[in-house]
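So the protein sequences, as listed, match chains A and B.
Here the first sequence is numbered in this note's numbering, starting from 1 and rising by one per residue.
Here the second sequence is numbered in this note's numbering, starting from 252 and rising by one per residue.
Rather than coming from a laboratory, the hints here were simulated on the basis of the structure.
Heads up, a few of these hints could be off.
[Unchecked claim] Chain A is nowhere near these chain B residues, computed Cβ spacing over 10 Å in every case:
no.: 1; residue: 322
no.: 2; residue: 323
no.: 3; residue: 493
[As the list claims (entries may be wrong)] No more than 16 Å apart at the CA atoms, straight line, and that leaves these computed lysine to aspartate or glutamate pairs for EDC-like:
no.: 4; chain 1: B; residue 1: 266; chain 2: B; residue 2: 448
no.: 5; chain 1: A; residue 1: 167; chain 2: B; residue 2: 256
no.: 6; chain 1: B; residue 1: 417; chain 2: B; residue 2: 389
no.: 7; chain 1: A; residue 1: 167; chain 2: B; residue 2: 323
no.: 8; chain 1: A; residue 1: 166; chain 2: B; residue 2: 324
no.: 9; chain 1: B; residue 1: 305; chain 2: A; residue 2: 158
no.: 10; chain 1: A; residue 1: 166; chain 2: B; residue 2: 323
no.: 11; chain 1: B; residue 1: 305; chain 2: B; residue 2: 256
[Said to hold, decoys possible] Partial pick of chain A residues on the chain B-facing surface, computed with a CB cut under 8 Å:
no.: 12; residue: 91
no.: 13; residue: 173
no.: 14; residue: 174
Note that CB positions come from ideal geometry on N, CA and C, so glycine has one too.
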Amino acid sequence: MWFKKSNIITVLILFVLVYFSMRLTEFDLAKFRDFRNMIDFLSQWWPMDFSKLPGMMEDTFETLAMAFLGSVFGLLIALPISFIAARNTAPSKILFHVSRVVLSFVRSVPEIVFGLILLTTLGLGPFPAVIAIMFHNVGVFGKLVSELIEAADPGPQEAMRAVGAKKWLANLFSILPQIWPNVLSQFFYRFEVAIRTSLILGFIGGGGIGQRLFNDFKTFQYSAVSLDVLIIMIMVIVIDFLASFIRNRVI
Amino acid sequence: MIQVENLTVHYPDTKVEALTNISLSLNKGDFVCVLGKSGAGKSTFIRTINGLQKPTGGEIYFDGQPISLLKEEQLRKVRRQTGMIFQHFSLVPRLTVMQNVLTGMFGYRSSFKNLIGWFTKEELDLAKRVISEVGLSDMATRKVERLSGGQKQRVGIARALAQQPKVLLGDEPVASLDPGTSNRIFTLLTEMHNRLDLLTIINVHDIELAKRYATRIVALKDGKLIFDGAPEDFKDAEYEETYESIRQDSFFGAGI
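Make the full structure from the sequences, and use the hints.
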């Protein structure tokens with residue numbers, strides 16, 4: 001009843017894809033034979049070195065600030081653009097297409113590429129990293145929010161036009177309250193992603209706990225690395241909790 | 252007050268005309284119920300009156316102004332004098348009753364004041380008054396999604412009243428409500444209609460409601476005007492003509 005011949009083909013294609021992907025990535029579980037190395041290596045991580053804790057905390061807040069600014073500015077810039085890039089609220093066809101192209105362009109450039117360009121031209125430190133995260137987030141939020149706008153219930157939009165409100169005001173008032181919980185949800189998700197991104201940007205000189213982790217690692221200070229990793233894990237978990245708390249309050 | 256002349260509406264993606272050559276004049280004091288089957292063009296008719304739907308032929312004159320030729324600014328002035336209530340209420344979700352009612356005044360105020368939500372004492376008093384007129388005073392601060400269907404439609408009516416309208420339009424305003432609630436909504440509409448001396452134009456499915464409350468009945472069939480007159484003249488024959496089923500004809504017809 002639910003089994004079709006086409007399913008066999010789907011499974012076959014899947015197998016072929018998995019096979020070639022394993023070839024390309026040199027996927028080989030036998031490499032775990034040298035598991036001992038890992039235990040040796042990880043044993044150097046203990047005991048943790050708490051002497052640099054104050055500096056680490058400072059860097060952690062720097063990372064949080066980078067991620068926060070990058071995603072807040074990204075959202076603020078993306079919000080007005082989203083209304084231009086949504087089919088139902090676009091002021092003109094040309095602007096609609098232009099904004100779509102611009103958004104998908106900034107979205108297609110990964111943060112690390114923006115980071116490499118900006119860190120080279122503006123100098124090392126967290127500021128270029130914030131701008132890099134912001135750029136990419138403008139693209140991501142622009143797409144997500146404009147899709148939310150397009151999916152919004154058209155009833156209130158029509159009602160607001162029927163009371164004689166200006167078009168942009170009618171759109172704003174009828175759509176924003178509807179999509180706000182979803183926008184907030186997306187924001188927290190992107191904030192969490194931005195934290196991970198700012199760690200990576202730290203590796204290429206963008207500052208924060210990521211840069212410290214990278215430096216400690218490269219200078220073989222494994223007892224500091226272990227504490228860096230622990231702090232990062234705690235930070236991510238705390239943010240996750242906070243985000244779901246705020247989300248529940250709003251929705 | 253509203254003059255409809257040879258109004259024709261043709262949706263681009265269908266071959267059928269939604270409205271064909273409708274001509275009638277609607278006057279202050281008329282409580283018009285528009286009858287017709289689904290797809291007869293009732294909704295299209297109502298929506299052309301405040302310019303939500305552009306006519307493809309003919310014209311509608313609102314106090315002498317041709318609606319389809321109006322610029323956006325002038326059209327807004329027509330719309331703000333025209334309250335409209337909807338089948339699915341079309342309230343702004345997550346806003347309170349009070350906030351929804353205040354949006355009814357947007358057409359009269361500057362964009363800046365609307366944006367920051369600054370209202371004068373008179374405007375706030377007006378909002379409170381219309382909310383009490385529809386009987387929702389003790390729910391003014393409640394979010395609209397927590398209300399029942401009948402209460403939501405009352406908010407819709409209050410929003411329309413906040414516009415201080417000359418004309419009240421209703422696109423199937425009771426189609427998603429139970430019979431008792433529908434009757435109460437119609438009683439409220441009649442009260443407002445009489446007190447404010449409005450022109451009221453409402454689509455309904457329910458012929459009994461139309462006969463009980465309307466002062467004038469307009470019936471549409473396949474986009475054509477087939478009846479326009481007093482409720483007492485809308486008898487069985489007219490009923491048959493309005494609601495006669497096309498589907499049955501083809502079912503017994505050429506074996507399609």
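**OP:** Sort out whether residue 323(B) lies within 16 Å of residue 167(A), counting only the CA atoms.
**Re:** holds, 9 Å
Original post:
Can we trust that residue 322(B) is non-interface, i.e. its beta-carbon lies farther than 10 Å from all of chain A?
Top reply: holds, 13 Å
Original post:
Are the Cα positions of residue 266(B) and residue 448(B) separated by 16 Å at most?
Top reply: violated, 40 Å
Original post:
Are the Cα atoms of residue 167(A) and residue 256(B) separated by 16 Å or less?
Top reply: Since the Cα atoms of residue 167(A) and residue 256(B) sit roughly 28 Å apart, the hinted pair is violated (cutoff 16 Å).
Subject >> Agreement of residue 417(B) and residue 389(B) with the hint, judged by alpha carbon distance not exceeding 16 Å >> reply: violated, 28 Å
Subject >> Given hint residue 173(A) near chain B, where the shortest CB pair must fall under 8 Å >> reply: Holds, about 6 Å.
Original post:
Do the alpha carbons of residue 166(A) and residue 323(B) lie within 16 Å of each other, as the hint requires?
Top reply: Since the Cα atoms of residue 166(A) and residue 323(B) sit roughly 9 Å apart, the hinted pair holds (cutoff 16 Å).
Original post:
Is the Cα-Cα distance between residue 305(B) and residue 256(B) 16 Å or less?
Top reply: holds, 14 Å
Original post:
Is the interface hint for residue 174(A) satisfied, with its Cβ closer than 8 Å to some Cβ of chain B?
Top reply: This hint holds: residue 174(A) lies near chain B, its Cβ roughly 6 Å from the closest one there, short of 8 Å.
Original post:
Do the alpha carbons of residue 305(B) and residue 158(A) lie within 16 Å of each other, as the hint requires?
Top reply: Roughly 14 Å between the alpha carbons, so the hint for residue 305(B) and residue 158(A) holds.
Subject >> 10 Å Cβ clearance of residue 493(B) from chain A >> reply: holds, 27 Å
**OP:** Take the C-alpha atoms of residue 166(A) and residue 324(B), compute the straight-line distance between them, and say whether it is at most 16 Å.
**Re:** Cα-Cα ~8 Å, so holds.
When held up to the earlier numbered hints, the structure conflicts with 2, 4, 5, 6 and 12 and fits the remainder.
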